[in-house]
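Trainee: Each residue of the sequence shown is one higher than the one before, starting from 1 at the first, in our numbering.
Some clues are possibly wrong.
Stated by the list, open to error - The calculated label-pair distances, taken between Cβ atoms and stated as ranges, are:
| id | residue 1 | residue 2 | range |
| --- | --- | --- | --- |
| 1 | T56 | Q114 | 26 to 34 angstroms |
| 2 | L191 | E118 | 37 to 45 angstroms |
| 3 | F62 | F226 | 37 to 45 angstroms |
| 4 | R224 | P31 | 14 to 22 angstroms |
| 5 | I34 | R66 | 44 to 52 angstroms |
If you are wondering where the hints come from, they were derived from the structure by calculation, not from laboratory data. For each residue, glycine too, the CB sits at the ideal point set by N, CA and C.
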Amino acid sequence: MKKSEPFLMQYFKSIITPTNVFKGKNLLTWPKMIFLFIFLIACMMMPTSIQMAKLTTFPFEFLFPRTAELITDDFVEALSSKQVKDGKLVGIDSQYTEETDGNVIAIDNDNKYQMTGEDQTFSIKGYANAIVFKEDYAIIAEENGFGFQLYYPKNEEKYPFKIESKEDVLQYIGTLWYVQNKAFLLPILLLLLAGVYIAMNVLQFLFMSLVLWLTKKSNITDIRTFKEAATIVLNAAGLPTILAVIYGFIQFDVATLIMIQGLGTVLMIAFAFFRTGFKEKGLKADSDKA
Numbered sequence: 001m002k003k004s005e006p007f008l009m010q011y012f013k014s015i016i017t018p019t020n021v022f023k024g025k026n027l028l029t030w031p032k033m034i035f036l037f038i039f040l041i042a043c044m045m046m047p048t049s050i051q052m053a054k055l056t057t058f059p060f061e062f063l064f065p066r067t068a069e070l071i072t073d074d075f076v077e078a079l080s081s082k083q084v085k086d087g088k089l090v091g092i093d094s095q096y097t098e099e100t101d102g103n104v105i106a107i108d109n110d111n112k113y114q115m116t117g118e119d120q121t122f123s124i125k126g127y128a129n130a131i132v133f134k135e136d137y138a139i140i141a142e143e144n145g146f147g148f149q150l151y152y153p154k155n156e157e158k159y160p161f162k163i164e165s166k167e168d169v170l171q172y173i174g175t176l177w178y179v180q181n182k183a184f185l186l187p188i189l190l191l192l193l194a195g196v197y198i199a200m201n202v203l204q205f206l207f208m209s210l211v212l213w214l215t216k217k218s219n220i221t222d223i224r225t226f227k228e229a230a231t232i233v234l235n236a237a238g239l240p241t242i243l244a245v246i247y248g249f250i251q252f253d254v255a256t257l258i259m260i261q262g263l264g265t266v267l268m269i270a271f272a273f274f275r276t277g278f279k280e281k282g283l284k285a286d287s288d289k290a
């Protein structure tokens, strides 16, 4: 690896094999390392952004845990005979109501239940938790202060109102909520996930770098500075990050992506040690074997 090469080319050569992970320990400056750290985070965000953009629903019980518990089999049966057409709930022939301990679930044909509050804090007057289906919209309110007025979609083919179980009710409400709030929710979710990736990578980067750097005290290795140790960790993280990104495009799961990157980095460092002993003479011995 020549220092006259573009540093990205140097870096990609350094991540290909365990030997190169150690061999490239002096090729990067701190500014370049910071840039590459951000680059790896950006790579992890690629499949994350694409998969999050494909979401069509959101776990209703995550925001409304108490309200989700109110749904009964009788309520499901009452909803199962209804349909949504042109943005309206049709087939409401009679009032359906269940009230328990200051909570209510209803199909409100008579406009009995009055909505109060404003956007994101709507509620049904006199009730802590509520699910009320009206002709033009549904009202979902939770005692934690969250409350939404959810309009039925006019594209019923894309968002079919097919209720056969409690899970169908939760999914339909979750879909309505996500579609209506996607514009502000998606950036928030992406920022939260980016924060998770950054936090995990910083902890991983600092811990592994510190462990490698401490080996200088016993002369086990030829690693002499913290920057060399940090560069080795950054080199070792390159290939696992690429594998995590590829996996993310195939089957997205945040925990699995982090596991692939973290475990892969540890294995690359271990293989680099087995190949070179983290000693300069180990590079020559490995080169002679090749």
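Trainee: Take the hints in turn and mark each one as holding or not.
Mentor: A quick look at each hint next to the structure:
1. T56 - Q114: 26 to 34 angstroms: Because 31 angstroms falls inside the window, the suggested range holds.
2. L191 - E118: 37 to 45 angstroms: violated, 25 angstroms
3. F62 - F226: 37 to 45 angstroms: Given range 37 to 45 angstroms: holds, Cβ gap about 41 angstroms.
4. R224 - P31: 14 to 22 angstroms: holds, 21 angstroms
5. I34 - R66: 44 to 52 angstroms: holds, 45 angstroms
Violated hints amount to a single one, hint 2; each of the other numbered hints is respected by the structure.
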